[in-house]
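Make the full structure from the sequences, and use the hints.
Given next are the chains, with one letter for each unit.
2 protein chains.
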Amino acid sequence: MTRRRQLLKAGALGATASFTTGAYAQTQPSVRWRMAALYPRSLDTCYGSTEQMCKRVAELTNGKFTITLHPPGDLVPPLQVLDAVSAGTVEAGQVSGSFYFGKNPALMFESGLPFGMNVRQQNAWLYEAGGLKEVQKVFAGFNCHSVPCGNFGTQMGGWFRKEINSLKDLSGLKMRIGGFGGQVVSRLGVVPQMIPGGDLYAALEKGVIDAAEFVGPYDDEKLGLAKVTQYYYSPGWWEGGSAQVSAVANQKAWAALPKDYQAAFEVAAFESNMRMLAIYDSKNPDAIQRILSSGVKLRWFPKEILDVAYDTTISMLEEISSKDADFKAIYQHYRNFLNKQSSWYRVADHFLDSYSLSRRGR
Amino acid sequence: MTRRRQLLKAGALGATASFTTGAYAQTQPSVRWRMAALYPRSLDTCYGSTEQMCKRVAELTNGKFTITLHPPGDLVPPLQVLDAVSAGTVEAGQVSGSFYFGKNPALMFESGLPFGMNVRQQNAWLYEAGGLKEVQKVFAGFNCHSVPCGNFGTQMGGWFRKEINSLKDLSGLKMRIGGFGGQVVSRLGVVPQMIPGGDLYAALEKGVIDAAEFVGPYDDEKLGLAKVTQYYYSPGWWEGGSAQVSAVANQKAWAALPKDYQAAFEVAAFESNMRMLAIYDSKNPDAIQRILSSGVKLRWFPKEILDVAYDTTISMLEEISSKDADFKAIYQHYRNFLNKQSSWYRVADHFLDSYSLSRRGR
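Chains V and C are the protein sequences, given in the same order.
Residues in the first sequence are numbered from 958 upward in steps of one, following the numbering used here.
Residues in the second sequence are numbered from 958 upward in steps of one, following the numbering used here.
Since the hints were made in silico from the structure, they are not lab data.
Take these hints with a grain of salt, some might be off.
No copy labels: a pair is met if it fits in one copy or bridges any two.
In silico DSSO-like links for lysine-lysine, alpha-carbon gap of 27 Å or less [unchecked claim]:
id, residue 1, residue 2
1, Lys1297, Lys1179
2, Lys1119, Lys1131
3, Lys1297, Lys1254
4, Lys1280, Lys1254
5, Lys1179, Lys1254
6, Lys1184, Lys1297
7, Lys1012, Lys1216
8, Lys1179, Lys1285
9, Lys1060, Lys1163
10, Lys1125, Lys1012
11, Lys1209, Lys1163
12, Lys1254, Lys1131
13, Lys1209, Lys1131
14, Lys1280, Lys1163
15, Lys1163, Lys1125
16, Lys1184, Lys1125
Listed below in structure tokens is the structure:
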């Protein structure tokens, strides 16, 4: 009998499967975690995909490991999520490094750099080139274990009351923009403002601000800003091609989990990471069409502005590197990978994307 | 006491977690599956990522649900994997629709269409726009349940002994290329040949064939074809921007699984889908540099050829649609989504990718 035939004989369907009926794991430990969300329920894509992640964890553990997601303000306000998980006040949190950039600039390697990696490059860097270990070291400084759990892709550049034709049009422009991106644009003459999403309509209508960036078409549409602005700009270069979200767990709570619960958390985060992007990619096309049909005009930032923004970004990243050896080490790791990755990306993926896009219907 | 303080008090770290020691699930059913691989072990990325998927399933079920991956030829030859799973001879298989295209052309919606979706578009279509349901209906016709478990991204156009400057250079060209792509290029004058990967070196060296497509830099490099050809062409437009791989399970075996084992299989496939692409994205950049430093010249197919190939692809897809109502329904679903998706992709992601690539080091 050949090896193949032996294997086939041994393995006829079901022959090696032994089922017991119904009874599942009465002896699994019950673990109940709370998770503090960064994004509100109204952003149903980024809130909802993390909620789905929690459901998946429960499903994988037959309901024994449950994580309840709480909206911002329910347990802690959004800007305190990282602190709360760090202190162990809550077991887990949904975070984006850009919100906590002031605590440690290296957190931006989690959330995305201006003109940084696109989603594929970010995932390759994180999962297969040692990037995640670097990011996890940064979060370990906050007593947290982090795993990527979502991505927005490239965001929009935001809503502008006036057209931006040159660098001088940015001078003195009051724009809602935060994080490292806010610091970069301030060197371009913009006056960054921090205003909650829900207040943007009134602020733009009354001219308290001249411009506001938020997310992308699907989320932006909900704010109704097309009624109080004339121009919708692209791209949101400040978080680059990959605006990442992570799930963090308090290190002590993480270490106390059984291995298979840790595996359930990690693998559910992979699914959530893919799904959040897929949801945005499936919803943004219709949203941008609805927005543009309401009369607002689509514009791209002129090359003059992108060039200065790019150069300013690189100088600022080098400035931080010169003062912060930990940041420098991660930045060099990131930049080396990105340069090499980009050489290859031009060869096949970007070339074919460009050609195919040139042939498809508008 | 405010709701927030009540919640915090109730949930101080660990307060709600009740652990029992060590004892895990003695009563979970033991299930052992075999899985027939499509790709050989030598393609460590696509073989290895499916092997990792199997390990993750075991980890998630505390070793109770094990899937053993067998290399092609061990249980069944690669071209018989779908038949074997369909018949229940083996419980699961690793497949790519392009290999079984002759059985039903709609299988190409799983593996990728010429000039088709890129990876993000494919994932958005599959996971969030109903695409996966359509693909699963096609596999259900073979008694299989399918889940995506890997992606190559855009592949290379392959190895050519002579430079291709115009359409007439393709006339009579003997090229190793299979599947639907082979049918398209045959209308461009190419004479498609089916030759196993391991025989390509000799066939090119002796001039039995003039050209051969295989995978991308990391896998291609192993065949050593740079020694017997002058030109390495891009892109491999025949599987588009997303060359997908799926894990299929025999429907009866699938239906017999406990729900949490089904969940473990599905979620491990999400991880594998992301990881396989991330591995290629992390390995291809070095591989293409090594290949080019060996003296072979990188070329892109000229626009004249791409234009005719694109038009021919569209006509052939319409020809199949006119004869096959099931194919037509999926094709329209796919095409509508792709056109809409492309309109949005041009706005932010592709624009920022193009700009950033123009600024990065070569």
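task: Taking the numbered hints from earlier one at a time, note which ones the structure violates and give those numbers from smallest to largest.
output: Those not satisfied are hints 4, 8, 9, 10, 11, 13, 14.
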